[in-house]
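Colleague: Listed here are the chains, written in short residue letters.
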Amino acid sequence: MKIIDIRNVNFKYRDELILENITFDEDSPVITGLWGRNGAGKTTLMKLLSGQEREVSGDVCVLNAHPFNNHAVSKNISYLREDHHFGKSWTVKDAMYFASLFNENWDQEEADTLVEQFKLPRKKKIASFSKGMHTMVQLVIGLASHSKVTIFDEPTNGLDAHARKQFFQALKKSYDKNPRYILISSHHINEIEPLCEKLLIISDKSIKFHEPIEYFQTQGVSMMGKIEDIKSVVSSIDILETAQIMGRSKVMANVAMTKELKESCERNGIQIEKTSMQDFLVNITS
Amino acid sequence: MNHLKGPVSIILKDLKVQFYLFTAITLLLVIVYSGIGYYVGPDNFHPFISGPIYGMLLILPYFMFGDPLKSTIGLGGTRVNYFTSFIISSFILIVSLMIVNNVFFQLSDLLTEHTKSTTHVFHLASLFGVSNALSYFWVDILLGIFLVGIGTLLSAALYRFGYIWMLGIAVVIGLVGFIWFTLGDMSGIFKWTLENMYLSLHLLGGLGIVCIVLTYPLITRVTLKC
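So the protein lines, in turn, are chains A and B.
In the working numbering, each residue carries its 1-based index in the first sequence increased by 97.
In the working numbering, each residue carries its 1-based index in the second sequence increased by 3.
For reference, chain A alone in the conformation it holds in the complex (with noise of 0.2 Å):
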């Protein structure tokens, strides 16, 4: 059974092209990460993914049927949003009371264990939260609702460093305990690296790789340099971004960082090492 499949899915709001046809699919439990700069589609495709928009065209199939408006899909798809609204009147123990009542798989001693973890005010009401605890709440629910897709949309937003920690643990072990797939959006791909085993990049309304995360890992050098040097070893087509410091290049090139690589950039004079994640994927869908 596929968890995810995409087919030549269009998604406008009002007139404008919001996602041109998006097509990835995924048939194993793993922790996915989903990059992409601002605008670039991301929320609605999270959104076509959990059924809160339908598509214009195309094919969404989460778990085997379409999810829009269809129940049996929705309480085994769990989407926290960055913004997510709760009540104006909930306090945590209501939030968590109606969040059991939509998912089908809610550990209730997981949700009371992250709970105490994160300090949350059972009584307090939530409106009268801090970005940080409006954000816990979020992550609790997301996690203790065990959804068979489960996906956050920027979850570290407003954590300060401990807290992010704790969820970042919270998620492993959750995971470990009930492997599921997890989509995770985040800007800060540094972070969330150490978790994902795939990554998702969206960029101009439209997919532009879902690959393993060692593609990531090992794709993208920065090299110093002659310009003819570099170019005797890298193809132009592969070159990101070109930069001159002190009479010498500086060179990102879109190649995987391999021992024949590195050893031609040292019979060359080039310098040359890995770029981080970040930089590489900016460069790549600018």
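Bear in mind the hints are in silico, worked out from the structure with no lab data behind them.
Yeah, the Cβ is synthetic: ideal placement off N, Cα and C, and Gly gets one too.
Hints may be right or wrong, so weigh each one.
[To be verified] So the derived list for chain B, only partly shown, Cβ under 8 Å to chain A, looks like this:
{"id": "1", "residue": "9"}
{"id": "2", "residue": "16"}
{"id": "3", "residue": "73"}
{"id": "4", "residue": "77"}
{"id": "5", "residue": "78"}
{"id": "6", "residue": "79"}
{"id": "7", "residue": "80"}
{"id": "8", "residue": "82"}
{"id": "9", "residue": "129"}
{"id": "10", "residue": "174"}
{"id": "11", "residue": "226"}
Using the hints, position chain B against chain A.
Modeller: Here is chain B on its own, set in the frame of chain A:
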């Protein structure tokens, strides 16, 4: 029905507050009007206590397409489940509030009967030629369904099409109504309505149900407003 438990619980949490609030307001009106009738004793004193409840039922759907809808969809509910739950919850609220309204009405009548109070609370049912308590309650239920139905259709259309479109539609309907009223002959309709008041009331209740049915296609595919 299990799939409706989540949305119904969310909606009822909001409606419970409205129920207590409007019960308190209606009770306050009964106390104030009975006090005036007892201490001042005006002649022909027929105050109306149902106004706040009727008004609330008309505007309530507008708020139901805000907070509870967003919360429900956010937790994984569907639009269809939400709308079905909204109808069930609204019916529960109509029945509960109309019980309150009629109990307070009877209570006020009892006070007048057994004290020197001159207050005779006005009940809309008296316009329809019915006399027993159950008929009074039934009239209230029909009016409640009509008000919630109209409110639901208008709120859903507002949510779906926005204020500008709705204002345009209201102007066109108003214009057609005005021309019909001034140039057309409405005496037949008025005469028939006055001669068949009780039947007309049932038609209003039916219109409320038609409005709710018409809302279904408007809301089940609506794009969420953030």
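Colleague: It remains to establish, for every hint, whether it holds in the given structure.
Modeller: Here is how each hint holds up against the structure:
1. About 4 Å separates the beta-carbon of residue 9 of chain B from the nearest beta-carbon of chain A, less than 8 Å, and the hint is met.
2. Here the hint on residue 16 of chain B is kept, as its CB sits about 7 Å from the closest CB of chain A, short of 8 Å.
3. At its closest, the beta carbon of residue 73 of chain B sits 4 Å from a beta carbon of chain A; the interface hint therefore holds under the 8 Å criterion.
4. Checking residue 77 of chain B against chain A by beta carbon gives a least distance of about 5 Å; that is within 8 Å, so the hint holds.
5. The beta carbon of residue 78 of chain B comes within 4 Å of a beta carbon in chain A, closer than 8 Å, and the hint placing it at the interface holds.
6. Because the beta carbon of residue 79 of chain B sits about 4 Å from the nearest beta carbon in chain A, less than 8 Å, this interface hint is met.
7. The closest approach between the C-beta of residue 80 of chain B and any C-beta of chain A is roughly 6 Å, which is under the 8 Å cut-off, so the hint is satisfied.
8. A cut of 8 Å between beta carbons decides the hint on residue 82 of chain B: the least distance to chain A is about 6 Å, and the hint holds.
9. At its closest, the beta carbon of residue 129 of chain B sits 38 Å from a beta carbon of chain A; the interface hint therefore is violated under the 8 Å criterion.
10. Look at residue 174 of chain B: its Cβ only gets to about 23 Å from chain A, farther than 8 Å, so that hint breaks.
11. Because the smallest distance between the Cβ of residue 226 of chain B and any Cβ of chain A comes to about 7 Å, under 8 Å, the interface hint for this residue holds.
Hint compliance for this structure: hints 9, 10 are not met, and every other hint is.
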